[in-house]
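*Asks:* Following the hints, complete the assembly by docking chain B onto the known chain A.
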Amino acid sequence: MFALLWKDLVIELRTKETLASLFLLGTLLLLVLSFAFDPTHPMREQSAPGVLWVAIIFSGTSAINRSLLRERENDCLSGLLLAPIDRGTIFFAKTAVNLILLLTAELFLIPLFIFFFNLPFVSTVVRLAVVAPLATLGFAAIGTLFAAISLRTRAREIMLPLLMLPLATPLFLAAVEITRDLMSGANYAQVSHWFKLIVAFDVVFLVVGWLTFEYAVAE
Amino acid sequence: MKPSPTISDRIAPAAVILSMMAALYMVFIAVPNDAFQGPVQRIFYVHLAMWLPTFAAFGIVGLTSTLFLWTRNRRWDHIATASAELGLLFCTLGLATGCIWAKPIWGTWWTWDPRLTLTLVLWMIYAAYLLLRNLATDPNQGSVMAAILGVSGVVNLYLVNRAVYWWRGIHPAVVVTKEGESGLTDPMMRLTLMVCLLAFFLLFVWLLRLRVRTAHLEDDVDELRSRVLAAGV
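Top to bottom, those sequences are chains A and B. If you count by the working numbering, then the first sequence holds residues 1 to 219, one letter each, in order. If you count by the working numbering, then the second sequence holds residues 1001 to 1233, one letter each, in order.
With the rest of the complex left out, here is chain A (with noise of 0.2 angstroms):
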């Protein structure tokens, strides 16, 4: 497994294109949601959480892609079907690489976000430290099972977030419950039933995804 994840975090490393790409588009969004939504508004606080979850979601949505889409170029997806290694463990190495992925770009896009809303930095750090990985870990669950089904259809690119989504929202819900209250002065033994949500859902598709990889992928 670690040498699945070593493999493309070094593809990654070498061209940069997902990170590039990921990073760009998530700025994109945040800009264009700023128009949507005032970022000057004393109000911000109620509408920024959301803009800022729909730039993870959308520029991530693609980067998912992408890395299963990468496997499918020179049939390299039959040579790692080949390889002697349960197809559970590309589930859970595939999974990783995307959750790191988005997660370094979450780094770079976090700071933006605060940058564009004009939020108090340390304390919205602070109060994403644990809900960004824990909603990240279950989006890149999801997105790799569903990226890995998607591969197999036509208009792939369109079929991954029609797939995915639905299933995903109670994860987003979670997510941006949870941004909101703590942003708005909540603490955690408030939101912690959406926690319980996040977590039980992580569970959820790192399991579904473990036992049923096999079946999306095999020719």
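Just so you know, these hints were derived from the structure itself, not from any lab. Please note that the accuracy of each hint is not assured.
[Stated by the list, open to error] Have a look at the derived ranges for each label pair, beta carbon to beta carbon:
(1) B:1007 with A:196: 47 to 55 angstroms
(2) B:1137 with A:79: 15 to 23 angstroms
(3) A:79 with B:1007: 51 to 59 angstroms
(4) A:115 with B:1219: 57 to 65 angstroms
(5) A:211 with B:1059: 16 to 24 angstroms
(6) A:31 with B:1214: 48 to 56 angstroms
(7) A:2 with B:1229: 45 to 53 angstroms
(8) A:133 with B:1229: 47 to 55 angstroms
(9) B:1190 with A:32: 52 to 60 angstroms
For clarity, every value in this text was computed on a predicted model and none was experimentally measured. Even glycine gets a Cβ: it sits at the ideal position worked out from N, Cα and C.
*Replies:* Leaving out everything else, chain B in the frame of chain A:
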């Protein structure tokens, strides 16, 4: 090989037609007007009757998808497709009749009440499910991938449910109005509801049978076609 019609083939359409006629008669003539809402409330019987087939259908999709992944028997796949299509149909009708009822009673076509939100999310999941089948590059693969989505959909249902309820909080006004206002104190109202539920459920079962059979025939035609092509005719 034309399958000869069985007894249930003859009974099913007759039962559907009879129960539908009975339902129409009850809804429009027999049942008294609602004390508060007037004649508008009569749509309730049809509206509620849509949800039994919808949830039965989505439940069947989850169950048969699991069985299909497990056994790889095409039979389960046919049932899953058929019930996803019908579930989506009844879900659409349920949403539509709900909107029509909501406009005069709540004064709006749509509210972001948890129940409505949940239904819309469900609708999206199963619409994507059918799209996935049609857009798969290889039909066999499409069945497998759709089955994965079918299983994920059911597993996820509880989480979606929790999320939308917490998102909106519980809106007692809407829920209480919805059930409290109908009240169904009149025995005739209860009877009408039962007849409607039965009529639409029978319709669902009948359509499901027909649709599954069509899927089997499509499979047979595909097989014959490939045999003819292989023989080089």
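*Asks:* Which of the listed hints are not met by the structure?
*Replies:* none
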